[in-house]
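These are the residues of each chain, in order.
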Amino acid sequence: MTLSLSLIFLLSSLSPPTDVIARDKPNDSGGAILLTWTRSSDTTVVSYRVLRQTEGKATWDTVGLAGRLANRFTDDEVQDGIRYRYQILTVSETETAESAPSEYTVCSPQWFNFDRMPAVIGTIIFTCLIVFFIGRAKRNIKLFIRRIAGLDAVEEALGRATEMGRGILYVPGLSSIDDVATIASMNILGEVAKKTAKFGTPLIVPLRDPIVYTVAREVVKESYTAAGRADAFNQDMVFYVTDQQFAFAAAVDGIMVREKPATNFFIGMFWAESLILAETGATTGAIQIAGTDAVSQLPFFITACDYTLIGEELYAASAYLSREPLLLGAIKGQDYSKLLILVLIVVSTILALTANLPVQNIF
Amino acid sequence: MKRRLPLMIVLVLGIFGAVAFVIPHPIVKSIDETMRNDVLRIITAFSLVLGVGSIIQHHLIKIRRKAEHWPFSYIALISLAVSAAIGLFGGIDPASPGILPTHIGGFSFHMQALYDNIMIPLASTMFALLAFFMASAAYRAFRARNLEATLLLIAAFILMLGAVPLGRMLIRPLPDFAEWILTVPNTAAKRGIMFGIGLGSIATSLKIILGIERGWLGGGG
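Same order as they appear, the protein sequences are chains L and D.
Heads up: the first sequence is residues 1 to 363, going by my numbering.
Heads up: the second sequence is residues 364 to 584, going by my numbering.
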């Protein structure tokens, strides 16, 4: 009997993983323990089974499986404040081998996510640049902002609509108010509404989101009041249509065909309906100004519209139109941040290529 | 006060939103999720009432003024009333019936049936139109009017030819070259735009949080 047991032991040559370390998963909201181990040197390993024991209990529970090339596992079914320890079981086709248990560990939530430190540093630098240039703008130092053709065309488009006696259609995208593009579009709508109020041009603003509808209505109303034409504001200028994407596209297409606005603005977040709207607008002969941060929709707008605000131009538009020095200062801050990113990319690339430094890990 | 209160709410909640990005603690996370999900849902529910009010008002004005195609406004209002009645009193599907009968013989008109048999086919029809709009847009884009349009035309031609077996038959490395155009110059341009969008988003958020940008309040101080 003793001989046969010894034989089995000698035949059971599968080596278990070593250095099993269990520790609280960093930068999380608690409820997770991170396990790492050094893989078994055997080539017959099929997988690793992760076993967990709660302090004070005798049983080991299987909590997960990891592939043969894995050397880490996150157990996210644990409770904060309770002590656990782990074993890793090496599994081959015919046998298993247990590692030594890890030390007891406990998980807890963290108050700071250090993984997001680069984003925090970048944002702080960016904020400092913006504040610096806003300060310069406050001291009336002239800031050069390049020409944006799409925004220069706004006046011309409004003038054309007024001369033709037709309206302006403004579609502030199909996204909700928590989308920055929608907020940027609201800012532009405010400026456009001030100008339509000044010229007495009819404004049509169909909306897809009920919250955006309420915000847009207030923006237009306030703009008309600011332009001294509160009497010209009409509740029916800004109206909710539907939250169905293609039903909305059909409704806006119908408005363009029936009302024949002289100018169409498509500014905000758009999806597949972008080309349906822009192409229909093009067939009506309207001047079309589009602006979006949806990269995949940009080619459609560039093709079908007269002017397109590409990406960041959308965010710069309200400052460009209002010419408020404080807002222009923020744009300057953006430009210098981009320059900084460009320099970092070039320097990192040169370092990676020439000195073979692992610079990509910095970011 | 009418202006100061919204600005103060935006300042406090904006800073909280930014702070919640770097603090994973459940206390902060749960408040953040409540604000993003529950509070937003409550606001949406209220604004939906305003939205429906807007639809009714818009179409009533059209009917009153006998605007172009005004009879369609009747259809819109009747559809709204009927679907609202079915949704509120007829149940969502046969498994959860309401007090209103939603089938006549084998013909069902409960909410799910309306959605499946009216909304989806209509939306699909609109989506299908995209193919025709693409053809007309492509025709316009591919007229080599200037250098940019010519470059677009050449790139599109290479990509289209590289995507079909004929391309490989004619020029063996063409599919690889097409793939290179897509993954290298195209991605580089996209990333450039994305950098600008990222910075623009942060700048816009910052301007709104700090109360510098007040366009969303109708502008002014």
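Simulated from the structure, these hints should not be mistaken for laboratory data.
Keep in mind that a hint or two might mislead.
No farther apart than 30 Å at their CA atoms in a straight line, the calculated lysine-lysine pairs in the BS3-like style are these [unchecked claim]:
#1 Lys195/L <-> Lys553/D
#2 Lys260/L <-> Lys195/L
#3 Lys365/D <-> Lys198/L
#4 Lys198/L <-> Lys392/D
#5 Lys221/L <-> Lys553/D
#6 Lys195/L <-> Lys392/D
#7 Lys198/L <-> Lys553/D
#8 Lys195/L <-> Lys429/D
#9 Lys553/D <-> Lys338/L
#10 Lys392/D <-> Lys25/L
#11 Lys195/L <-> Lys221/L
#12 Lys429/D <-> Lys138/L
#13 Lys221/L <-> Lys365/D
#14 Lys260/L <-> Lys221/L
#15 Lys425/D <-> Lys221/L
#16 Lys260/L <-> Lys425/D
#17 Lys553/D <-> Lys260/L
Bear in mind that the values here come from a model prediction, so they are computed numbers and not experimental data.
The hints, checked one at a time:
1. Lys195/L <-> Lys553/D: Outside the cut-off at roughly 33 Å; violated.
2. Lys260/L <-> Lys195/L: Satisfied, since the Cα-Cα distance of roughly 20 Å is no more than 30 Å.
3. Lys365/D <-> Lys198/L: Holds, because 24 Å separates the two Cα atoms, which is no more than 30 Å.
4. Lys198/L <-> Lys392/D: Violated. Lys198/L to Lys392/D sits at ~46 Å, over the 30 Å cutoff.
5. Lys221/L <-> Lys553/D: violated, 37 Å
6. Lys195/L <-> Lys392/D: violated, 43 Å
7. Lys198/L <-> Lys553/D: violated, 38 Å
8. Lys195/L <-> Lys429/D: holds, 29 Å
9. Lys553/D <-> Lys338/L: holds, 15 Å
10. Lys392/D <-> Lys25/L: It holds: about 17 Å lies between the C-alpha atoms, which stays within 30 Å.
11. Lys195/L <-> Lys221/L: holds, 13 Å
12. Lys429/D <-> Lys138/L: violated, 53 Å
13. Lys221/L <-> Lys365/D: Since the Cα atoms of Lys221/L and Lys365/D sit roughly 14 Å apart, the hinted pair holds (cutoff 30 Å).
14. Lys260/L <-> Lys221/L: holds, 23 Å
15. Lys425/D <-> Lys221/L: Holds: Lys425/D and Lys221/L sit about 21 Å apart, inside 30 Å.
16. Lys260/L <-> Lys425/D: holds, 16 Å
17. Lys553/D <-> Lys260/L: Given pair Lys553/D, Lys260/L is violated - Cα atoms ~34 Å apart, limit 30 Å.
Comparing the model with each numbered hint stated earlier shows that hints 1, 4, 5, 6, 7, 12 and 17 do not hold.
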